[in-house]
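2 protein chains.
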Amino acid sequence: MTFGLAPRKALPRVPLHPGEGDKSHLTSIEGLAALSLDALSSVAYGPEAIVVVLIAAGTGALTSTLPVTLVITGLLAVLVISYCQVIAVHPDGGGAYAVAKQSLGARASLLAAASLVVDYVLTVAVSLAAGAASLASAFPALAHHLLAVCLAGLVLLTAVNLRGIAESARVLMLPTVLFIVSVLGIIVAGLLRSHPAATVGSVQPVHATQTLGLLLLLKAFSSGCSALTGVEAIANGVPVFREPRVKRAQRTELMLGSLLGVMLVGLSVLIRRDHVAPRGGVTVLAQLTAGAYGTGWAYYATNLIVTLALALAANTSFGGLPVLMSLLARDHRLPHLFALRAERPVYRYGVVALALLAGALLIAVDGDTQRLIPLFAIGVFIGFTISQVGLVRHWAGQRPDGWVPRALINGTGAVLTAVACLVLLATKFVAGAWVVVIAVPLMMLLFTRIERYYTAVGIELGIGSIPATPTRTTSLVIVPLSGVSKLAESAISAALALGDEVIALSVQHDAATADRLRRTWEEWDPGVPLDIIDSPNRSLVGPVIDYVRRAAHNGRRVAVLIPQVEPCHRRYDILQDQRGILLATALRYRTDTVVCLLPYHLSL
Amino acid sequence: MTFGLAPRKALPRVPLHPGEGDKSHLTSIEGLAALSLDALSSVAYGPEAIVVVLIAAGTGALTSTLPVTLVITGLLAVLVISYCQVIAVHPDGGGAYAVAKQSLGARASLLAAASLVVDYVLTVAVSLAAGAASLASAFPALAHHLLAVCLAGLVLLTAVNLRGIAESARVLMLPTVLFIVSVLGIIVAGLLRSHPAATVGSVQPVHATQTLGLLLLLKAFSSGCSALTGVEAIANGVPVFREPRVKRAQRTELMLGSLLGVMLVGLSVLIRRDHVAPRGGVTVLAQLTAGAYGTGWAYYATNLIVTLALALAANTSFGGLPVLMSLLARDHRLPHLFALRAERPVYRYGVVALALLAGALLIAVDGDTQRLIPLFAIGVFIGFTISQVGLVRHWAGQRPDGWVPRALINGTGAVLTAVACLVLLATKFVAGAWVVVIAVPLMMLLFTRIERYYTAVGIELGIGSIPATPTRTTSLVIVPLSGVSKLAESAISAALALGDEVIALSVQHDAATADRLRRTWEEWDPGVPLDIIDSPNRSLVGPVIDYVRRAAHNGRRVAVLIPQVEPCHRRYDILQDQRGILLATALRYRTDTVVCLLPYHLSL
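So the protein lines, in turn, are chains A and B.
Counting in our numbering, the first sequence runs from 1 upward without gaps.
Counting in our numbering, the second sequence runs from 1 upward without gaps.
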């Protein structure tokens, strides 16, 4: 699900502002390839989530898979129509956070942001877990190492995204087409056969512990709603379409909706006909694949394609969350470092944060997709609701011609997704949704606190007002040295250029070394006095800080100039003396002194 | 095993130089308490290691436990006599690394250092693994979480040692006395009973896969040698004894040897009489405990005492390895940062390195003591051999009265430990000793390479020769700013104090913001020109570095002064702008400019 923002990593070569080069913009079909993988790949875990819930009432209850899927498909239809309107109103994309900030105010935008963060993290976790399950369906040896497979995939995605490889939207086309063809092929081939070509996996005993009542159906519905995640991606990515982009984006949204609907219903029909129940070691989709294609090469190929599609779906979050976090950082709602790209086109802190959160989640659930499902979809449905409520506000505020039916469509969508959201929460609370219920308000609180801190700092720094005129004073530069060498010469030279007065300072713990240094100093005679401080307990930082504080009393500006050896190769960094850095850090924290670092570059 | 150095953490309140305060020095009995836990606690895994090997030839082969133990005890006797001579010759302690550096040259000292590193790490791993097994014998619920218990213990030890709590040698007395009393109690009570009071653990099927031949006996011997680790600790800690310290230390060494010998033989007699074989979920020592005391409170208490003793034995490595690493760092054979204690009496890098290595090892063997035994003891026996060969050299060089018998004693010890070492290597190579065979030469290579690097750097820095006289030049201070605020005022004031000329510099990516900044600057008029660089792709570091390099061409000294907001509470560090630090780092790496950091302390 890419939600809130266009999938940046998937589309860097596509200018986000329309008309900047129309050839690089996408047609409807290309847009489908580029933006739908996230939504379509959820058929790999959505139907299975329904089956896993219903089996609690025995294998007979599995016939309810189809009606439950039809209700979900109905909700999908409402969402698709509603998002076609979102596309028309927000042709610059934006997503729930932008929409809420614009139309619904601070609190709603914080809610949108928090639920988006939850969802990006869950998209990565769920897609990787489902991908690992799909891979293990093809290679049963992996079945007992799902978590390891997930984490390996996560490390790979993180590394790729930290490097920030430029990746064209068109790269996604082949996997998307392969995925669509494979899944539609499963449905067609499966329906053409009178009975499954092959069965895979180990039969598991079924203990019917519940009766098929409304609660179980609602639970199945809410689990299945995980299949709807990702349908907002196209609305967020409108700027990547070729003109007329609103038309093209709407057409793509409709295509996505139809395809997803056909896939969900088709797979459910097959599940019902073949009495597919959860089996050990294989996914439901893998069972349907075996039923349609047998267990030859097509079975392996399809499972690999599904794995690839899920991995790429996880990758869209790596495009989305870091960008969202950078927007939050620019709004002073997250630490500014998340807006820091250094010299690479990558928000590395956001990428690392996403990897750590998704990794923690995967470890917590031991790489099991089904244990993530109760947490998933809630955040997405909060986003759906906020987007649509925002649009209702928009209609009610602007009142263009024919605004009432439009507002009704979005209003219906908002009500339905809000109800779905409540159902999700109520039926899944104990199974894991409580995590979201705790995490979202905590994050909103965090955003608020951070914003408050930045505001206070801005006031303290007098940002926005003209400060006093700077004054010039005399200066004393202190040069801490451990001995006489070219390093010392270089440091004293630099200090002489900067300071009106220069003092060399050495901290020594035994008298003999101190005497030797004093004699060498006299022999050298660099034109600068040397002060030696006695530190019998070998501490360095404390004595220097005391000395600096005493020196500062005379009203002059005090600077400490620390020469620092810089090796030619970064791998030798660990061999360099760290005392300079340690002293610099302590001085910055504990004094007002200017800390000057003089690099001395080695040839090796 | 505390080996190579006195256990620093155990003895910080005891002056290491004799005569500095005799009351704080230890008597023989106190010395036994302070220095023997490491050696004595190996009875918790040594006899078990023999039994685990012999069982491969069926339960009947277990009768060989006693003869194997007697051979090991004989080796112990030779070692103890030999170490009494080490004490006399090296009354200032020192250990294998110091002895080898003094008498055997660089290569032997590198070998000693590498084997010591291996042993300290293995002591931590083996002691924690054996401690976890002992704890799980008392609380079977832990039996499936041995690795977690080990890692929890490791984290605890690391945290305690990073804080550097001052711990008196006398703190170790109570656990040592309890441990000695418990183990001797097991032997006495066990022998007094006609049959075991209780049995614990689950019977495991015995598959006799080998016959009891010489090879199996040698394997059992080499596994059992793990019980001899730690007997060198007293020789390394001679300076902590009260005068006459050589006499007292020798007396302690003899007491340790007798105690350890009695424990090993006593436990073997019990193992033979009660036909103790490895059982699921409990250690051999726990079986003997149950046989002697029954399974009441005494069983739990003894297992806890054993666990505590093993944890404290692991802790001695945390005292020893960081000190050894600091000595290696001072000899330029490890990165200097390992000699860095900052302001705490802790070599934190060494502590962390030890924790990481031991943790990796524990994870690799899944917290199983028996899988560590083949790696263990080899390094210790290399150290034994080096110490004794060094002493033979000493006798042959000094030739005091009666040096021949002394040299013979140490020579016998050296030959025996060298032979034992070869036996260990040969019989355990495939089972894990190859790790040591690879690790030790690799470490020696690493030490050599590091030493060579430091020598080359020393030459490049002209250490030991008088450098040229420093020269004074004019200076230009560049102040990178993003806007006008009190921070800017503070930075310009500091720059005016330091530089002959000051320029403010701003990198902007859009023209409107740049214009606004220029107008604000004119309004403020701080008496310093402002240069604005255009950076349409938002990069900051590159443009500043280019600017600095151009400015440096005029022969003047260039400094870049970066104001850095310092929050009052360190937890707000993450909220501060990291661009300054990033720029400072890049300037240090890529230019010769002086990088000045001006701390601006916030009130919050």
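Hints are computed from structural coordinates only; laboratory data are not their basis.
All C-beta atoms, glycine included, are put in the ideal place defined by N, C-alpha and C.
The reader is advised that the hints may include incorrect statements.
[As the list claims (entries may be wrong)] Which chain B residues face chain A? A few, computed with CB under 8 Å, are given here:
1) 294
2) 300
3) 304
4) 335
5) 452
6) 602
[What the hints assert, rightly or not] Quick list of simulated restraints, FRET-style, between CB atoms:
7) A/573 / B/573: 36 to 42 Å
8) B/509 / A/449: 58 to 64 Å
9) A/534 / B/456: 45 to 51 Å
10) B/514 / A/142: 44 to 50 Å
11) B/352 / A/254: 53 to 59 Å
Now for the hints, and whether the structure bears them out:
1. 294: Check failed: Cβ of residue 294 of chain B comes no nearer than 40 Å to chain A, outside 8 Å.
2. 300: violated, 33 Å
3. 304: violated, 31 Å
4. 335: Holds - the Cβ of residue 335 of chain B comes within 8 Å of chain A, reaching about 5 Å at its closest.
5. 452: Because about 10 Å separates residue 452 of chain B from the closest Cβ in chain A, which is outside the 8 Å limit, the hint is violated.
6. 602: At about 6 Å, which falls below the 8 Å cut-off, the nearest Cβ of chain A leaves the hint on residue 602 of chain B intact, so it holds.
7. A/573 / B/573: 36 to 42 Å: Given about 22 Å between the Cβ atoms, the range is violated.
8. B/509 / A/449: 58 to 64 Å: violated, 30 Å
9. A/534 / B/456: 45 to 51 Å: violated, 33 Å
10. B/514 / A/142: 44 to 50 Å: violated, 56 Å
11. B/352 / A/254: 53 to 59 Å: For residue 352 of chain B and residue 254 of chain A the Cβ distance comes to about 58 Å; the hint holds.
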